[in-house]
Every structure is written in C-alpha cells, then in structure tokens.
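A.B. asks: Let the hints inform the model, and build the full structure from the sequences given.
Going down the list, the sequences are from chains A, B, C and D.
Per numbering that gives the first Met the number 0, numbering of the first sequence is gapless, rising by one per residue and ending at 326.
Per numbering that gives the first Met the number 0, numbering of the second sequence is gapless, rising by one per residue and ending at 326.
Per numbering that gives the first Met the number 0, numbering of the third sequence is gapless, rising by one per residue and ending at 326.
Per numbering that gives the first Met the number 0, numbering of the fourth sequence is gapless, rising by one per residue and ending at 326.
What the hints contain is simulated information worked out from the structure, not anything from laboratory work.
Everything numeric in this text was worked out from a predicted model, so none of it was measured.
Mixed in with the good hints, there may be bad ones.
Straight line, CA to CA, 20 Å or less: simulated SDA-like cross-link-like pairs of lysine to any residue [unchecked claim]:
id	chain 1	residue 1	chain 2	residue 2
1	C	Lys-138	B	Phe-48
2	C	Lys-191	A	Arg-52
3	C	Lys-255	A	Arg-52
4	B	Lys-2	B	Pro-185
5	C	Lys-7	C	Phe-60
6	C	Lys-64	B	Ala-109
Here are the computed distance ranges between Cβ atoms for each label pair [as the list claims (entries may be wrong)]:
id	chain 1	residue 1	chain 2	residue 2	range
7	A	Pro-22	C	Glu-140	58 to 66 Å
8	B	Arg-322	A	Pro-192	32 to 40 Å
9	C	Glu-318	A	Ala-225	28 to 36 Å
10	C	Lys-64	A	Asp-222	55 to 63 Å
11	A	Pro-295	C	Ile-34	29 to 37 Å
12	C	Glu-262	A	Arg-20	39 to 47 Å
One-sided and incomplete, this derived list gives chain B residues near chain D with beta-carbon spacing under 10 Å [claimed, not checked]:
id	residue
13	Asp-30
14	Ala-33
15	Gly-35
16	Asp-55
17	Ile-58
18	Ala-62
19	Phe-86
20	Ser-124
21	Phe-248
22	His-298
23	Pro-299
24	Ser-302
25	Ile-304
26	Glu-306
27	Gln-307
All C-beta atoms in this analysis are idealised placements derived from N, C-alpha and C, irrespective of residue type, glycine included.
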Amino acid sequence: MSKDLSYLEAIREALAEEMRRDPKVFILGEDVGAYGGAFGVTQGLHEEFGDMRVVDTPISESAIVGISIGASLRGYRPVAEMQFADFISCAFDQIVNQAATLRYRYGGRASVPIVIRAPSGGNVSGGLYHSQNPEAWFVHRPGLKVVAPSTAYDAKGLLKAAIRDDNPVVYFEHKFLYRRAKGPVPEGDDIVPIGVAATRREGGDVTLLTYGAMVTPSLEAADRLAKEGVEVEVIDLRTLMPFDKAAIFASLEKTSRVLIVHEDVKTLGIGAELSAVIMEERFDRLDAPVMRLTYPDTHPPFSHILEQANLPNPDTITGALRRVASY
Amino acid sequence: MSKDLSYLEAIREALAEEMRRDPKVFILGEDVGAYGGAFGVTQGLHEEFGDMRVVDTPISESAIVGISIGASLRGYRPVAEMQFADFISCAFDQIVNQAATLRYRYGGRASVPIVIRAPSGGNVSGGLYHSQNPEAWFVHRPGLKVVAPSTAYDAKGLLKAAIRDDNPVVYFEHKFLYRRAKGPVPEGDDIVPIGVAATRREGGDVTLLTYGAMVTPSLEAADRLAKEGVEVEVIDLRTLMPFDKAAIFASLEKTSRVLIVHEDVKTLGIGAELSAVIMEERFDRLDAPVMRLTYPDTHPPFSHILEQANLPNPDTITGALRRVASY
Amino acid sequence: MPSIKRTKFKLSPEQLLEMFYWLKLIRAFDERLSILVKQGKVRSGVYTGIGQEAIIVGTGFGLRKDDYICPLHRDLGSFLMKGVEPGVMMSQMFAKTTGLSKGRDSALHSGVSDLGIFGNTSMLGANLPVAAGLALTYKMEHTDNVVVAYFGEGASNVGDFHEALNFAGVQRLPIIFVCENNQYAYSVPIEKSMAIDDVADRAESYGFDGVAINGNDVLAVYQSTQGALARARSGEGPTLIECKTYRWHGHSEHDKAFYRTNEELAMWKSRDPIPTFTTYLKGLHVLSDQQEQDIVERVAKVIDEAVEFAMSAPDPKPEDAVTDLYA
Amino acid sequence: MPSIKRTKFKLSPEQLLEMFYWLKLIRAFDERLSILVKQGKVRSGVYTGIGQEAIIVGTGFGLRKDDYICPLHRDLGSFLMKGVEPGVMMSQMFAKTTGLSKGRDSALHSGVSDLGIFGNTSMLGANLPVAAGLALTYKMEHTDNVVVAYFGEGASNVGDFHEALNFAGVQRLPIIFVCENNQYAYSVPIEKSMAIDDVADRAESYGFDGVAINGNDVLAVYQSTQGALARARSGEGPTLIECKTYRWHGHSEHDKAFYRTNEELAMWKSRDPIPTFTTYLKGLHVLSDQQEQDIVERVAKVIDEAVEFAMSAPDPKPEDAVTDLYA
Ligand SMILES: Cc1ncc(C[n+]2csc(CCOP(=O)(O)OP(=O)(O)O)c2C)c(N)n1
Ligand SMILES: Cc1ncc(C[n+]2csc(CCOP(=O)(O)OP(=O)(O)O)c2C)c(N)n1
Ligand SMILES: [Mg+2]
Ligand SMILES: [Mg+2]
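C.D. replies: Shown next, in the form of structure tokens:
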C-alpha cells in the first residue's frame, strides 16, 4: 500500500509513525509545537503527542542539540529541528565536539542516537542565511552520519532510518523540495538504509553523482543527452556520510566517466571527496577526468537574478555532461 | 639582518612589530594579557601595550570573534586568539556567517580585517580537544582566507600579511612547532604573501604537497627517496585558501605525480580539494593517481600509542612516496 | 510656546514634530512593504515592526551620526532615521543594485559604515558581540560616542546575548541594549521562552542597570534612552532598556499568527503608539490638523517615490553573484 | 551520640566519617596525580581540585545512583564518589585500556551511563545543555531523580551556560547547577571576567533561586545541596548554588600561577576544608585520632593500588585509534 505524499508530508509521516512506535522518540526545536514549525513539518504532532514529546524551545540552537545529546544518553531518541539549516552554525560545537566524539571518548560504551533535521538549500529567494547547504562541514567530522533525501519516499525512509540509527545523524531536508517533490510513499515501515545510494536512471556512458534538489534537473539533463545518443546513469547519493562507494564504483565500471553535480559550493564540497576517492581507487578506470558542476565559491544571494545565475540547472548540467562525455 | 627565532617567538615578534607600526592593531583573547597566553605567545605584549591593546576577555569565543568584527568595522585590525584551535567551534557562527559574508552583503562597501589565531595540531598528547586541525571547515567557506605556516620565517611573515590583509584570515599555528621549529627570521618587514606556496625541496619525480607540521617529516622522507634515486619536490602550501594552484601545476608539469600529506583527517581534508582540482584541470598530465596520506577519519586520541599510530611520519610518507613513484 | 519637559530631557516643538514625522514614515514604510509582498512584488521575507515604531523613534531620535546602531529585522525604520534614503532602503527589499547589498541580500542584512549602521546576519543575537566590539573602539578612543544595539526578547535567550552583555559589563562599554519585547518570538510567547517577566532583570547578571518601560510611549522611550546615553557618554557604562510592545502583523507577512487571540491584538492596537502621541501633540498645540495632514501627504510622497525609485532601479547583473567576496 | 543536626538535614556519625573519607581520598588522588605529572608518568593535562574538595563531597554525598552528575575538569573526585573505581580513574589518566576512554582521552572526557556520570568535552559550559537534556528525561518520566551539573565561574560567561540555564528555568527541570567559584579562570580573576560579585545572582535571569555559600565548608555545601535536591525532587525546579572556594595549584600542573599573591594563597590555605572539618568532627567526638590514622592509611592504600593497577594495565593497541567511532 502506498499513497502520494509531498516530501514535507513524508517527513511528517515518518515523525508521527516513529513517535507512535517508540515512546522514546521526541521532537524539540523552535516553533515546532502547536505552530507546527516554520515550514509546517510538525503540524498536528503537538496535538497528538503533547507538550512533553513535541517541545517548543527558546531560541538556542546550541542548547537544542546539547539537550538532545543529554536525553539520548538516557535512551531517548530526540529529533531536533533547526528552523533553517543555516542556523546549525550556532550549534556547531555541540554537534562536532559533543555528539560526534562521545562514543569514541566513552570507549565505545555509549552512543548518541539523535537526529538533527535541517532545512537546507536555495532556489527560494532566501538569501544568505536561509539557503545554505552546510552538509560538507559534517561529512568532514568523524562520528557523524549525514543524509540528504531527494524524494518523498526517501525523505520518509531515511528519516526512519536516522531515528533508529544509534549514531548522531544530520538530516538535510531540502526546502525547495518540501512541496515540489511529490510521490508514492509506502505506508508503514519502509526503511531506506543509511549508506545506500539509488540509481535513478541507468546508462552506460556517463555516471552522474548528485543528491537533494539537484537530482531532478540532473535527470532532465540526462534525458536530453539520451536524445544525443549518450546514456547517463544518474546516481542519487542519498547518504553523504558514509557515501556509497560500492555503487559509485560499480557505475564507473560501466561508464568510465563521472560528473558530480551539487548545490553546495565547489571548494571542499562533497564533490571534492568523491573525486579524490575515485582518483585514488579507480584512476585506471577513468577515460575522462571526474568533473564537478557546483555552486561557485560564493554565498547564496537573495536576488532572483543573482541566485539563478549559478544554480546548476538542466542547461548547465547538459553542457557539463557533454564535456565529460566527449572528453 | 636576521636572527634565529622559534616559531613561537616569530609569532610574538610579528605581533609586537605590527602593533608598534599600526595603532589600530590590537589583541584579544583569554589569558592573553599579563599572563601572556596559554602557550606564552603574547608574553611581554601587555606590558608594552597595556590593557586596551592586549585585552583579556572572559571565556566567550563567540563574543571574541564578534567583538573583533565590530572593531574591524571601525578601522581596527584585531588579532583574536583562540586558546586552542579546537575551541574555534564555539565561535563558528561569527566566523562563517558574520565575518565571511559581511563584505558581500554590504555590496563590497566594507571589509573585515580580522585575524583569528588558532593553535592547532597534535603530536603533543593533547587528546580530542587540544589537537584538532579544523582548517578545512574554513577553506570550505567563501569569504575567508586560511593560512598555516610551517617555519618561524613564515610564521612571522604570514602573520604580518594576515594582519595587513583586509579580509578575515584564520591563522593556524601548529602547537607542535612552537618551540621545535626554529630558524632565521628577518628583522622588520618581511611579508610572506598570502596565496603563495614555497618549494622546500626541488625534484623532478614526485610532487609532495603539504603544510604545517607535516613539512619536516615530508622532507625527511624525500631525502630517503633521493637515496633510492627518486627526486621529490616538496611544496609547503603555507596558504590553504586561496591555495597556490600555479605552483602546484608548475611542479606537476615536471613530475606528473602527486602525493598529498596532511595531519587533518582524510575525508574532505584539503587534500580532497587539491586532488579534485588536479583531476579537473591536469588530468592528462598525470602518470599516477594523486594520492593522500592523512590522519584517518577519527579523532586525535590522547594515548601516545594511539596518537602515534596514525600521524603521518617519515616512514609512512616514504612508503606512500614509493607507491606514487612506482605506480 | 514653551518646550516640552516631559521629564528631564527637553524637546522643542520642532523636535516633537520631527518625531511625529518619523513615526508616520516608518509605519507607512512597513505598511507599503506589506502590500508589496501581497502583490508579489517583493520576494524577500518581510518582518514588519508595525506597532513597535515608538521604540525605533524614541531610541533613534537625537543619535549622532557618529554614534552606531545595530538594528534588527523589524527595525528598517532605524536605517531611515540614521540617514539611509527611503529609496535605497526600498531598493534593498527589491534586490536592486541601488540597495545597500546591491541585491545580495535583503532587509537589514547590510550596513553603512559612514552612517554608523551595522547590518546583521539573520542569526539572532549575533549582532550583540559586534555591537560590543564597536563600543570597545569608542572606549579605546576616549570619545563620547555610543552604540545602540537592538534585540528581541526571544533573542535574549541566545548564547551570544550573554557573552556580549557580559563583556560590555566588564569593560563598562558605552552601549545601550534595547530589548524590543513584543511578547512573542515567532509563535512562542515569552512565558514559554523564559521563566521571568522582565528581560530587564537580565542586566543584573552583567553588573549594569536594566529598566522595563512602556515601549509604545515614544516619549518614555526617548527619556530612558537619553538618560542611558548621557551615562554611556560620560563613561558610566551600559544600560539595558526593555521596551514592552507588540507586533501587529504576523512574525513575517506569511504568518497568520493564529497563536494569539483577537482580543489580545485588539487590546494592543488600542495602545497604538501613533494616535496616542498625536493626541498628546494636539493637546499641546504642537500639531495642528493641517500640519498632520501635511505630514501624512509628505510621508505618502516619500514612500511613493521610494517605491518608484526601487522599481525602476537596475537589477544586478548575473556576474555579480561572485563579486565583492574579498577585499 | 546524637546525630549532627547542623541545620535541617541530619547526618549520622557514620555518614560524617564517610564524608571525611571522601575528602581525604579525593585530596590524595589529586596530590598523587600532581606528583605523577612531575615524574613524567602522566602525560595528560592535570587540573587538580585541591582546596575545592568540600564542594565535590558536599554536593556528591548522598546522591542516588540513578541521579546524574555532569562534572568538570577539577571534579575527578565526583567520579569516585559516584562509583568509579579509583584504579579505573587512574587508568584514565594513564591512557590505559582499563580507563573509561580506553586511552582515547583523559580526565573527565568520558562518562559511565550506568552510574549516572556524564563525561564532558573540554569546551567549558558545553556540559550544561547536556545536563538539561538529562534532567528533561527525568521530568518526562515523572521520577524524582535529579541532575547535578558543575561549572566554574569562568565558564558561566559562555553562551551555553545561558542557553542551558534558561531552558532549565522554563521547564522547571530537576537540576542543581553548582558553580565552583575558585576566583580565577586560568589567569583571569573574576573581577576581569564579570562585573558582579556573585555568580549566584545570575539565577535571577532564569527564574529560579541562586545562593552563594562558603564552598570550603563541606556541611554548608551539603545542607544547601540537600535543600536544592529536595526542591528538585518535588518538582520545584532548578537551583544555582555558588560555592566560593580557591584552587591551590595552578590552573594545570604546568601553570606557575604568578598572577596571584602568596598572601592570597596562604589566606585560602588557612581555610583548607579538610582540617576545619577534622577539628569539627573531633570536637564532636565523631572522629578519634586512631580513626583518622586508619582513614589516612586506607586512603594511601587505595591510591597506591589505583596507581599500581593503572600502571600495570594494558596499553591500547594502535588499531584502536580508529575503532568505537560509530555504533
Ligand atoms: C539563531 C537563530 N535562530 C532562529 C532564527 C529564526 N527566527 C527568526 S526571527 C525569530 C523569532 C525572534 O523573536 P524575537 O527575538 O523576540 O524578535 P521578534 O521577531 O519578536 O521581533 C526566529 C526564531 C534566527 N533568525 N536565528
Ligand atoms: C570554550 C572553552 N574556552 C577555553 C577553554 C580553555 N580553558 C580551560 S579551563 C579554563 C579556565 C576555566 O575557568 P573556570 O570556568 O573558572 O574553571 P576553573 O578552571 O577555575 O575551575 C580555560 C580558559 C576551554 N576549555 N573551553
Ligand atoms: Mg519578540
Ligand atoms: Mg574558576
């Protein structure tokens, strides 16, 4: 049984189902209570679960994460919401130093099963502080897991996996997709395992690695290339840490060519690591250099003109695919 | 005229000279005053410049950086000290959102000439929170510059450059080098420009890219390789953002082989970006994959045995060089 | 006609009329913005301060050009009072090159150093350490300038608030912290975000005075501010002024604000700062019906021209998304 | 012999002797550590709490196993009182596998969930949001357990302190915040880090009570703690207890502490919590000379055995640097 849900509804459904299943799961964040969150993700949950399982907090991102860590040490599974992913910078120390290191410094005798939900990404005229893609900072920090779903199906399945995972998971939900990505979502426990990529389109000529809001324009570009006789395999990473090396290498085995597309900036975006790993481990399989099409090294501007100027889109992805295919 | 100084003394001399030269330069941080800083870097400066130019702050890293930003907007050139680079996580938002974006959001009509000094790096049994190498987070954020000197000469010259630079600069000083790196330091204004690498050893067979405390063991490994007939060119990056692409490519032109060595963890350490850029722009010049020898994806442990297990050292670097050379 | 001596600080009839003008202009500016959002002409998030104008005017009136302000999201009026042209401010909301950010960001996210205006990021509380840094430079220079820094009662729960006010207290900085307590932080009422009634009481933690006043009485706000300014200018350190008020609109123009009752809103609307002040001025014969009419017309003209200016101003060029990052 | 009723909470002679034992043991533990550092046998930074034992014992005495403590760098004694074997604690300092961290980190950077001990990072203040999270779970469960969280007066200037105490106040959490005000944060005296005399006054910002007491009087600390515990257990929310004290040694064993006078140190040594308590017990005939002697010998034996245990315990294996990162 499945029904069509939006990406946002899928997240809400995952939260509701996990909270019903496990009394240790609870939500905390700013305006997540009766208001239902800035984007409406938690709407209805306060009504169903009450004050103590849907906790409105003061504005204090660092405490929100710290509180989550504390609760998790007593067996709870808190799901903390950052109102925008951009504000995760205010909770940085608690995430990278407190949560990411705890198991290690406890000699493996404890773990921090928290989820930090962070609405990320641009293309909504949000400007510098409502459009960021902060995923790479967390990929760089051992002890964390990082996921970034692109479909309603995955939004639900990955959130369930994240909540059940015993490690701190940063869950980037792309705000452009909230109401735009819609699709079938199975009722009940369809877990999308952390660490497994999804092949969205098969093809033998070029491998395109991407995630989040870049999946749809990438697929569109792949369709265009097909008309030119080039078959592009589009892999949606879904999990950024640990990323699915096996799936990447398997595709590369067929194509020998890779394009990486992401909305995060270029320098030390996840694309850098993917490229470096392919270089180290599959150099001899490459017929062309791994290329990156990303947001340039700048901030996400508010102006529609400025923002659109650099977001990868089907045209620019098509161009980049042609370059990789014809190298 | 030059004299021999330790790395730590060189930093202190740069501070003193810049403060004498420019009344707008001042220092702030925890214990930087009469005490002279946790490592003694600012010793004597409070005596010379007084309370208002060597400002002891309460324990509040976020405020330290925010205060620096405010002062810089009125034409000052604050040099903020993090007692350990590890605590920079507590000031993260002020650095990546306030400082890094200000010029951009001001339409180019203001700038933030601050320096954040951060004693980084391990090999001192410092454990998880006194050994970190957080440079990559800042390299990933447009609007910042990042430097990491390896010699006393550069420690002085790069700090002067950083203080005079009109942008926010994160200055990573490696605490292992404080008293161990000694060398000639010119008296007076010998600026080491930001963005320019130094070739520490010439060689035509393999290019080794590194920085900070990894330069010395890299040179030792290069000497060993020379005995085997392999000439390694060792490039000390010195600046991580913007890194010196021209110098890297020029060396690669000769060697066609690159090894990157750093103490930061592997995943999305600066090595990932260097490798990806070489892939994109010099693929056809490569006779072997660019390889990385780094700290593995874990935290810096306290135990000497555990810490030494994974710090790149002349032996492991030699091994990696052999692999790259013989690929 | 004698000058008004409501309490200590005297105001001439001309000054009172000017205050009246500002109240009207700022109200009109926000009201127009609200309409422009509904018309789909402004894409930015718009956070009006309608209902809170007495705070902006009462604290901003009589500041010197070389004093500094650090305004918040509801304080666009502060920019106008400090000397930014209405057309420029409107351009900022329209993402035009004539705006302070040249299209890079909207609202308060840009400043004007020459006019003593700091433009914050979105991160609540993050302006306060910067404000402390600005004030530190005044102390260093032994001038009698003052910084006026604004924050909401919700933002007073953020770590940066604490660190900044503590530093200001220790250094006895020339700074006024103005709390705009409008009872809500987005959907969260003050009772759910702090266990005290008056934010003013928080000053006690930092060793300076806090007062809670009627923020809808422009003269009360003015008097308190003048007292605090006089103390700050003569080296007596910071003051926290908590202004009790209410925002009439939702958190942003997209927020229906169902978390509060119509009665509550109506009660606060009956305390509208503008008619109260109008009646007062008329009772004193400082303002005639004709003068009121003239001001209303002048204000309408200023706003019309500002919108016209902004709408006909040039859009940024796509290339500008990547400029003005570094000095 | 009657039980002591110094104030409200009665203590039997046996309990008083137990307190005496803990004071002696904790003092001896730290003194031995200090020697081990001088002998070069312990590489870790060691931050003794010598002179502050009355706080550890007075707050820790009579806590239940299912209460939680969140100790600080000078509170290794708290671990012992809460049930960690001295040998295990010593192993932690020696980086042995028998330590809580199995060599990964030293000092307090590890915890024991079963014993209700949280092990913080180095980041000051970062334990307090975690403490609030632990307390939140007790509230959720309607149990009468309590969290006792420690911080220095210097750490009370950190943003996390503010966010955590505010949340605890809003939620009326069962938690006691214990400030160990030892007059200095590293080299910085309290006058230079806050503009108030009593950290206890900060509680007012959060809507609960704060008291400042003599931290060198173990019974005063005990009485205050018992009062706060009773309130917390019955749902009356948090208390801040500020214990005025002094650390005898430098900030760490490497710090010569020349920032303070010999007179000041001598004055505080004359208030040594242990002899004061000894004399008191002897006056009450609760402690005989023989009993004292027995306890001194017992303590020496415990410490000797702990050191022996630690020194002969196995070192970690190099491979373990990369294990225990993920659950
Ligand atoms: C650090 C941070 N967290 C969350 C937000 C999202 N946010 C924007 S305004 C707001 C409410 C602010 O309340 P208050 O400080 O009282 O100011 P008001 O909007 O009521 O004027 C929130 C939660 C933010 N901008 N920054
Ligand atoms: C966030 C942070 N900044 C700086 C430090 C470095 N540091 C360690 S202890 C200390 C002084 C702490 O003073 P206080 O809180 O009074 O505790 P005490 O050491 O006096 O017991 C400092 C500055 C740190 N550990 N964490
Ligand atoms: Mg508010
Ligand atoms: Mg202290």
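A.B. asks: Now tell me if each hint is right for this structure.
C.D. replies: So, going through the hints one by one against the coordinates:
1. C:Lys-138 to B:Phe-48: holds, 16 Å
2. C:Lys-191 to A:Arg-52: holds, 15 Å
3. C:Lys-255 to A:Arg-52: violated, 25 Å
4. B:Lys-2 to B:Pro-185: holds, 6 Å
5. C:Lys-7 to C:Phe-60: holds, 15 Å
6. C:Lys-64 to B:Ala-109: holds, 18 Å
7. A:Pro-22 to C:Glu-140: 58 to 66 Å: holds, 60 Å
8. B:Arg-322 to A:Pro-192: 32 to 40 Å: holds, 34 Å
9. C:Glu-318 to A:Ala-225: 28 to 36 Å: Distance hint for Glu-318 (chain C), Ala-225 (chain A) holds at roughly 33 Å.
10. C:Lys-64 to A:Asp-222: 55 to 63 Å: Between Lys-64 (chain C) and Asp-222 (chain A), where Cβ atoms are some 59 Å apart, the hint holds.
11. A:Pro-295 to C:Ile-34: 29 to 37 Å: holds, 36 Å
12. C:Glu-262 to A:Arg-20: 39 to 47 Å: Since Glu-262 (chain C) and Arg-20 (chain A) have Cβ atoms about 41 Å apart, the given range 39 to 47 Å holds.
13. Asp-30: Holds - the Cβ of Asp-30 (chain B) comes within 10 Å of chain D, reaching about 5 Å at its closest.
14. Ala-33: holds, 6 Å
15. Gly-35: Since the shortest Cβ distance to chain D is 9 Å, the answer is holds.
16. Asp-55: With a minimum Cβ separation of about 6 Å from chain D (threshold 10 Å), the hint on Asp-55 (chain B) holds.
17. Ile-58: OK, holds: Ile-58 (chain B) within 10 Å of chain D, min 5 Å.
18. Ala-62: holds, 8 Å
19. Phe-86: Where the cut-off is 10 Å and the nearest Cβ of chain D is about 6 Å from Phe-86 (chain B), the hint holds.
20. Ser-124: OK, holds: Ser-124 (chain B) within 10 Å of chain D, min 4 Å.
21. Phe-248: violated, 34 Å
22. His-298: holds, 7 Å
23. Pro-299: holds, 9 Å
24. Ser-302: holds, 4 Å
25. Ile-304: holds, 5 Å
26. Glu-306: holds, 7 Å
27. Gln-307: holds, 8 Å
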